[in-house]
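**Q** One-letter residues, chain by chain:
Protein chains: 2
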Amino acid sequence: MIKINSAEILCVGTELLLGDIVNTDAAFISRRLAALGINQYFQSTVGDNPERLSEALRLALDRSDLVIMTGGLGPTYDDLTKETAARLMRRELKLHEESLARIHARLDRRGIEMTENNKKQAYLPEGAVVFKNNYGTAPGMAIEDEERGKIAILLPGPPRECEPMFEEEVEPYLKKFSSHILYSRNIHIFGMGESKVEDTLRDIMTTSLNPTVAPYAKSGEVLLRVTAGGSSEDECKILCDEMIEKIKLTPVGEFIYGIDIGTLEDALVSELTAKGLKIASAESCTGGYVAKRITNVSGSSGVLDGSIVTYANEVKERFVNVSRETLTKFGAVSHETAIEMARGVRELFGSDIGVSTTGIAGPTGGTPEKPVGTVFVGISTNKYEDVRELHVGNGLADREYVRYISASNAIEMALRAAKKLS
Amino acid sequence: MIKINSAEILCVGTELLLGDIVNTDAAFISRRLAALGINQYFQSTVGDNPERLSEALRLALDRSDLVIMTGGLGPTYDDLTKETAARLMRRELKLHEESLARIHARLDRRGIEMTENNKKQAYLPEGAVVFKNNYGTAPGMAIEDEERGKIAILLPGPPRECEPMFEEEVEPYLKKFSSHILYSRNIHIFGMGESKVEDTLRDIMTTSLNPTVAPYAKSGEVLLRVTAGGSSEDECKILCDEMIEKIKLTPVGEFIYGIDIGTLEDALVSELTAKGLKIASAESCTGGYVAKRITNVSGSSGVLDGSIVTYANEVKERFVNVSRETLTKFGAVSHETAIEMARGVRELFGSDIGVSTTGIAGPTGGTPEKPVGTVFVGISTNKYEDVRELHVGNGLADREYVRYISASNAIEMALRAAKKLS
Chain A
1 MIKINSAEIL CVGTELLLGD IVNTDAAFIS RRLAALGINQ YFQSTVGDNP
51 ERLSEALRLA LDRSDLVIMT GGLGPTYDDL TKETAARLMR RELKLHEESL
101 ARIHARLDRR GIEMTENNKK QAYLPEGAVV FKNNYGTAPG MAIEDEERGK
151 IAILLPGPPR ECEPMFEEEV EPYLKKFSSH ILYSRNIHIF GMGESKVEDT
201 LRDIMTTSLN PTVAPYAKSG EVLLRVTAGG SSEDECKILC DEMIEKIKLT
251 PVGEFIYGID IGTLEDALVS ELTAKGLKIA SAESCTGGYV AKRITNVSGS
301 SGVLDGSIVT YANEVKERFV NVSRETLTKF GAVSHETAIE MARGVRELFG
351 SDIGVSTTGI AGPTGGTPEK PVGTVFVGIS TNKYEDVREL HVGNGLADRE
401 YVRYISASNA IEMALRAAKK LS
Chain B
1 MIKINSAEIL CVGTELLLGD IVNTDAAFIS RRLAALGINQ YFQSTVGDNP
51 ERLSEALRLA LDRSDLVIMT GGLGPTYDDL TKETAARLMR RELKLHEESL
101 ARIHARLDRR GIEMTENNKK QAYLPEGAVV FKNNYGTAPG MAIEDEERGK
151 IAILLPGPPR ECEPMFEEEV EPYLKKFSSH ILYSRNIHIF GMGESKVEDT
201 LRDIMTTSLN PTVAPYAKSG EVLLRVTAGG SSEDECKILC DEMIEKIKLT
251 PVGEFIYGID IGTLEDALVS ELTAKGLKIA SAESCTGGYV AKRITNVSGS
301 SGVLDGSIVT YANEVKERFV NVSRETLTKF GAVSHETAIE MARGVRELFG
351 SDIGVSTTGI AGPTGGTPEK PVGTVFVGIS TNKYEDVREL HVGNGLADRE
401 YVRYISASNA IEMALRAAKK LS
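Top line first, the protein sequences correspond to chains A and B. The first sequence begins at 1 in the working numbering and counts up by one. The second sequence begins at 1 in the working numbering and counts up by one.
If you're looking for bench data, these hints aren't it; they were derived computationally from the structure.
Identical chains blur together in the list; that is why a pair holds if it fits in one copy or across any two.
Straight-line distance between alpha carbons at most 20 Å, and here's what the computed EDC-like set of lysine to aspartate or glutamate pairs gives: (1) 278 with 314; (2) 420 with 254; (3) 278 with 317; (4) 419 with 385; (5) 94 with 145; (6) 196 with 113; (7) 218 with 15; (8) 218 with 20; (9) 94 with 126; (10) 248 with 198; (11) 278 with 386; (12) 119 with 97.
Since the model is a prediction, treat every value here as computed from it, not as a measurement.
Next up, chain A with everything else stripped away, as it sits in the complex (with noise of 0.2 Å):
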């Protein structure tokens, strides 16, 4: 069998090259690789032109055990990563009949008539392990050459295709060629920065060899990877826990919001859903981002109450009932705002909880006492009423940063308020 030490990923398409679309099929796929411990040393990409596809894929070959190839398997002229694969491999191409049937089925389905470039995606190298688009018209592929003991895995570019055609066909294939498991657990890390959790767990990520604990930082959160190493995954999960009950025990501990739970928003749906509670939010400066970010959450029909954007003061006095008073003596964008704001939602839609933001996005709009990024965030229940104060990216965060950050605080406020309600 073919021992895989090393992997590269080469991205066909001069789509790429052209900075059309962000090539998240790379990101995508060195993600999975890692989780399956597989070493993934270099990514390329080319456009779609024969020969210097030709010199990438010799390039790979010689380097790395495994080649992961995506793009170029569509039903035009200039797809020829199939072809390219095949040639410097020494296969012949031969109608593939199941596959030729899975297109036909699929095209017949939406009604679209076969043409003799469909015809020609089901075309196949020799003996190559066929992977099933559920999502589109062509095969993914793997060829293995077991002399120089290389494989070439040849997937289709579009992530829609990609995504669930690596996660049902080839990982399944991967993990035949390992025996050594990696599993990962992650923790999910809101309200400390990325350098202080570092220096809060430098012990432990340092002296800690298996598992093994490394932070990453995405948009003001922070994740901690705990990847644990060995023969059977209950041999790993058990180290896993282990490390994540000490963890909890450090000062990060009160900023962790969940364990492999995915987004904030996620967190927030799931906490309301199992204590049967409702939200709803009054938003200025975010203008619908902490309920679309809530509605991306499937399910999130049943907590959220409902929401309003807020931007004009008259719509604030009007349907949340904040007082001119108020406004007048501090502002919009203040402390005393964001609670009416967030009581003044709760009771609009009877909620449980309201949360509200109100801020300067900017870029426009900034004052020396209120730079661009000053944002307060309210949250209202029956029981307290808070409000967190925001500096974000002291004046020079950009529109998206700003809306994006005052989201995730608004979020957060309502998940610790969900977890303190019963």
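On the provided structure of chain A, position chain B as indicated by the hints.
**A** This is chain B only, laid out in the frame that chain A set:
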């Protein structure tokens, strides 16, 4: 002077190989290189490993005239890009006083003490062209090898530093190497698919060599890039303008929502602002996405009266005046409910335009009659009302995509309405 016939991008960072971040730098730089008329044939990524980085850079300098590297300019021991490039191109690192002073000033402003590590960032290859970093401590640089006719440009990895440095410093630098100008304009199309656009414009696209016309699909929209080459910008502009007028006269014309306008929401806010019109949204399945996207645009506070998320039927009744009869007879996901929501929210906020969405975003909630992706988008003005029925992705699209496309349709219908109103 060095002649740049080909370029490639080499990104450095183990976090890219682990898939912890998506490589947006490569896409950004690619777009900019294309706009500058510089051909790019390869992209690669390596980790923070000196041997592999050396190997990759040597290869890149062999096959391309210009190599743009990102990442690995940070202050820590595993940031090795500068050291590796300097060694390969036989330059000594010398303290660059101006960069040291800039780093000092930057840290001072934030009350951070200068460390030896930060000082390391001010050591630059002798004779390098230095690019100022206004958003971080690491300066960028270009190392020119006149003898071999090669240039290596080194940029910081974080997009917040890389992108402005490229625009403000690298582009003016690169323009010195070219006398031929490329000039592009973008035609934004919504409502006609990419293949239909291609079919309609096939003759134009295949026969016109200057300007060229190329279509790009992006999330439910099509972008047509018209690119002219010449010796002056004026000359190119005229060629582009003539082509745009020609395309406007084809059946594609009625689906053009703007030229070089950015996004649908940019076009909407600019149209509303120009006409002094105001808008409000009532959102069910999009849950705030329409408002969120409108408020992405700076200046939207002047045109968005408000928005309300009306998930529950009782919220639809109470706030935007959808009649119980309509809800009972036709259901919440219906033509009739969409119209009443749009009308209701327009009246609630006293706006010129009301827009609404109601549908099934999935992954659950679909039925044989109304599968996932069934969405009604309503529009109401004092002149007319309209509803668009969508079937996003034939029941196969994911929640985010259904919501995104629904919001796009709402924004586009509002834009059409705004164009009709005076």
